[in-house]
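Colleague: As a plain string of letters, each chain reads:
Protein chains: 2
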Amino acid sequence: MALEDLGEFGLIDRIVARLGDAAARDITVPPGDDAAAWAVDAGVAVATVDTLAEGTHWRRDTMSFADVGWRAVVTSISDLAAMGVEPGFLLISAELGPSVQLDDVDAFADGVAAACDCYGVRVAGGNVAGTPATSFSTTAFGTATAAGDGSPLLLRRDAARPGDLVAVSGTPGASAAGLAMIEAGRAEESEAEPLVTAHRRPQARIGLGRAAVEAGVKCTVDISDGLLQDLGHVARASRVGVEVDAGAVPLHPSALALLDPERARELALRGGEDYELALTAPAATLGALTDGEAPVTTIGRVVAEYPGEVVVLGSDGRPLEQPSGGWDQLRTARG
Amino acid sequence: MALEDLGEFGLIDRIVARLGDAAARDITVPPGDDAAAWAVDAGVAVATVDTLAEGTHWRRDTMSFADVGWRAVVTSISDLAAMGVEPGFLLISAELGPSVQLDDVDAFADGVAAACDCYGVRVAGGNVAGTPATSFSTTAFGTATAAGDGSPLLLRRDAARPGDLVAVSGTPGASAAGLAMIEAGRAEESEAEPLVTAHRRPQARIGLGRAAVEAGVKCTVDISDGLLQDLGHVARASRVGVEVDAGAVPLHPSALALLDPERARELALRGGEDYELALTAPAATLGALTDGEAPVTTIGRVVAEYPGEVVVLGSDGRPLEQPSGGWDQLRTARG
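Chains A and B, in that order, are what the protein sequence lines are. Numbering follows the numbering used here, in which position 215 of the first sequence is assigned residue number 215; successive positions increment by one, without gaps. Numbering follows the numbering used here, in which position 317 of the second sequence is assigned residue number 317; successive positions increment by one, without gaps.
The following block holds chain A by itself, in its conformation from the complex (with noise of 0.2 Å):
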């Protein structure tokens, strides 16, 4: 059958079918409506939206459809582990383009599914459109939690004080290194599978955004755009310099086995679309944070020093040269 067949409202049955336990049906207007509604407590509502466009930040021949749906999920509740706060409800809008089949959407449906399962988060409702070209923003809710006073706990990108350390969870640069992989040709290459998946099927650090809460963490940025990229907003919101010891930033293991050591290293510090999360906090909080989900390792400090910047700091402890940039959503794209 072909989507134009189906039609818009017809389409937008089968993917409320086609994902299961996933639709969120129970709440007080389920999808199929003008809007969507569901009961909330009093407290701090927490949203964010993102877009996974085809041609910037997916192509056919590095994922498939049903990875895309994994990461128009991981992508947006990601947001929302930096902030501490568990996701509940996704909002998800899809302009497929031309060539997008009734395949490639069912495929799309079921990577939300199957995240949606994974990290316990529902669509309550979405929109569908005919577009000249393909992608997926997807609107992430949840509900902070409050400390005994009250007052919300959330993490925040201007929270990070001279003093603090800073910590990533996982090993950065594991899904640019897959990504690396898939682009020459080496995807099935054994040693490679665990940075491919890494890139395809990514996944969000909840737990560790609640855990750094639990602990006392006040400031936490997801590194989607790069660990570099993104602990320049902690800096600039912070007005705080943040030292990087470039040889304690962790290496995936196959990164290592298959990339010269320089590519590795230099993917860890700038690649993107890892959903890692990078924390700063005092030695004792950060040593609070047990290893759950993912390890999560020191790899340097918050000094009072040249607020506004990153520095990368060599084995000598003096700074490495280092070109700035990272995963620019307009620079990378239009430059």
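Do not rely on the hints blindly, as some may be mistaken.
What the hints assert, rightly or not - Some chain B residues flagged as far from chain A (calculated, every beta-carbon gap over 10 Å):
| # | residue |
| --- | --- |
| 1 | 16 |
| 2 | 26 |
| 3 | 36 |
| 4 | 124 |
| 5 | 137 |
| 6 | 149 |
| 7 | 156 |
| 8 | 222 |
Said to hold, decoys possible - Not everything, but these chain A residues come out facing chain B in the computed CB check (under 7 Å):
| # | residue |
| --- | --- |
| 9 | 27 |
| 10 | 28 |
| 11 | 45 |
| 12 | 46 |
| 13 | 49 |
| 14 | 51 |
| 15 | 55 |
| 16 | 80 |
| 17 | 133 |
| 18 | 137 |
| 19 | 139 |
| 20 | 159 |
| 21 | 161 |
| 22 | 283 |
If you're looking for bench data, these hints aren't it; they were derived computationally from the structure. Just so it is clear, the structure is predicted and the values come from calculations on it, not from any experiment. Idealized CB from N, CA, C, for every residue including glycine.
Start from chain A and add chain B according to the hints.
Modeller: Positioned in the frame of chain A, the structure of chain B alone reads:
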């Protein structure tokens, strides 16, 4: 200055500055962090997303980027109006194609700001990406008010009942007539001006949706996909039939003056992008709705016969032969 020189984060700062009072700077987490956060009371959260893609929903020769910004707000908050909900905050995801210039983004932000000012909503966050094609997706949030028993007051598609009258606000087809004038090169004719404005700067019927809730109306839909198409959603969701008296549908006087009467009526029945509301309710309930921001006209009735169908009746009370259809996001774009 070029967009790529400014970069993603420079552009976000510029947009937030340009939004002025339309940027929600005083919420718990204002634009600029991984996610936005704001305080909510206990109740029912209502959320919707809609997309305006270049080439599908607008073209540069039919509307300016400022018009697109206006409509990016109206298209989403209209869905909340159709639920009887006052909109509060927006997230805007901007996908900027290669030809988009900084002036275009500025104009878009100005249009967003103007609509936000008009409707008392604010932008809490969003996303910017450089992509192969241009589109804007807006997520709108509100909270349902509660009835005396605490249940949420929401207008649903599935609440039409046999015996209800069917009514519509404003003059459906005005937007489509405006587009026809623009495409015919007649946009500058003074008689065309209200139609062109209806297309480029449509109004969302927030006040009417709220008034309908207060008056006890249960069933409303926005008719942005065309009057008959959207009444079809009501018919199917409510498992009722809907009869529309063709002669009762109010036409804009300028559409009647400028277009063939048959064409004007056809656009009123099927033209999309009127952000008017269609309502069904007992006559006494509809009678309690005073004309506020737009007149409300009775155009038909809900019947128990032919559930799921919409039938258009001629002046003799007999069904007119009607091709099915209206604006379908897939069939119209791809068919």
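Colleague: Does the CB of residue 283 of chain A sit less than 7 Å away from some CB of chain B?
Modeller: Violated: closest Cβ of chain B sits about 24 Å from residue 283 of chain A, beyond 7 Å.
Colleague: Verify the interface restraint on residue 159 of chain A: the C-beta must sit less than 7 Å from at least one C-beta of chain B.
Modeller: Where the cut-off is 7 Å and the nearest Cβ of chain B is about 10 Å from residue 159 of chain A, the hint is violated.
Colleague: Given residue 55 of chain A was flagged as interface, is its beta-carbon under 7 Å from a beta-carbon of chain B?
Modeller: holds, 4 Å
Colleague: Once the shortest beta carbon distance from residue 139 of chain A to chain B is found, is it less than 7 Å?
Modeller: holds, 4 Å
Colleague: Verify the interface restraint on residue 137 of chain A: the C-beta must sit less than 7 Å from at least one C-beta of chain B.
Modeller: It holds, given that the least Cβ distance between residue 137 of chain A and chain B is near 5 Å, below 7 Å.
Colleague: Beyond 10 Å on every Cβ pair: is that true for residue 16 of chain B relative to chain A?
Modeller: holds, 13 Å
Colleague: If you take the shortest Cβ to Cβ gap from residue 51 of chain A to chain B, is it below 7 Å?
Modeller: Where the cut-off is 7 Å and the nearest Cβ of chain B is about 5 Å from residue 51 of chain A, the hint holds.
Colleague: How about residue 161 of chain A: closest beta carbon in chain B under 7 Å, or not?
Modeller: Because about 17 Å separates residue 161 of chain A from the closest Cβ in chain B, which is outside the 7 Å limit, the hint is violated.
Colleague: Minimum Cβ separation between residue 137 of chain B and chain A greater than 10 Å?
Modeller: Since the minimum Cβ distance to chain A is about 5 Å, residue 137 of chain B lies within 10 Å and the statement is violated.
Colleague: For residue 222 of chain B, which was marked as not at the interface, is the minimum beta-carbon distance to chain A over 10 Å?
Modeller: violated, 6 Å
Colleague: Taking the minimum C-beta separation from residue 26 of chain B to chain A, is that value above 10 Å?
Modeller: Correct as stated: the minimum Cβ-Cβ distance to chain A is 14 Å, above 10 Å.
Colleague: With 7 Å as the cut and Cβ atoms as the points, is residue 49 of chain A at the interface with chain B?
Modeller: Result: holds, 4 Å to nearest chain B Cβ.
The structure shown violates the earlier hints numbered 3, 4, 5, 7, 8, 9, 20, 21, 22.
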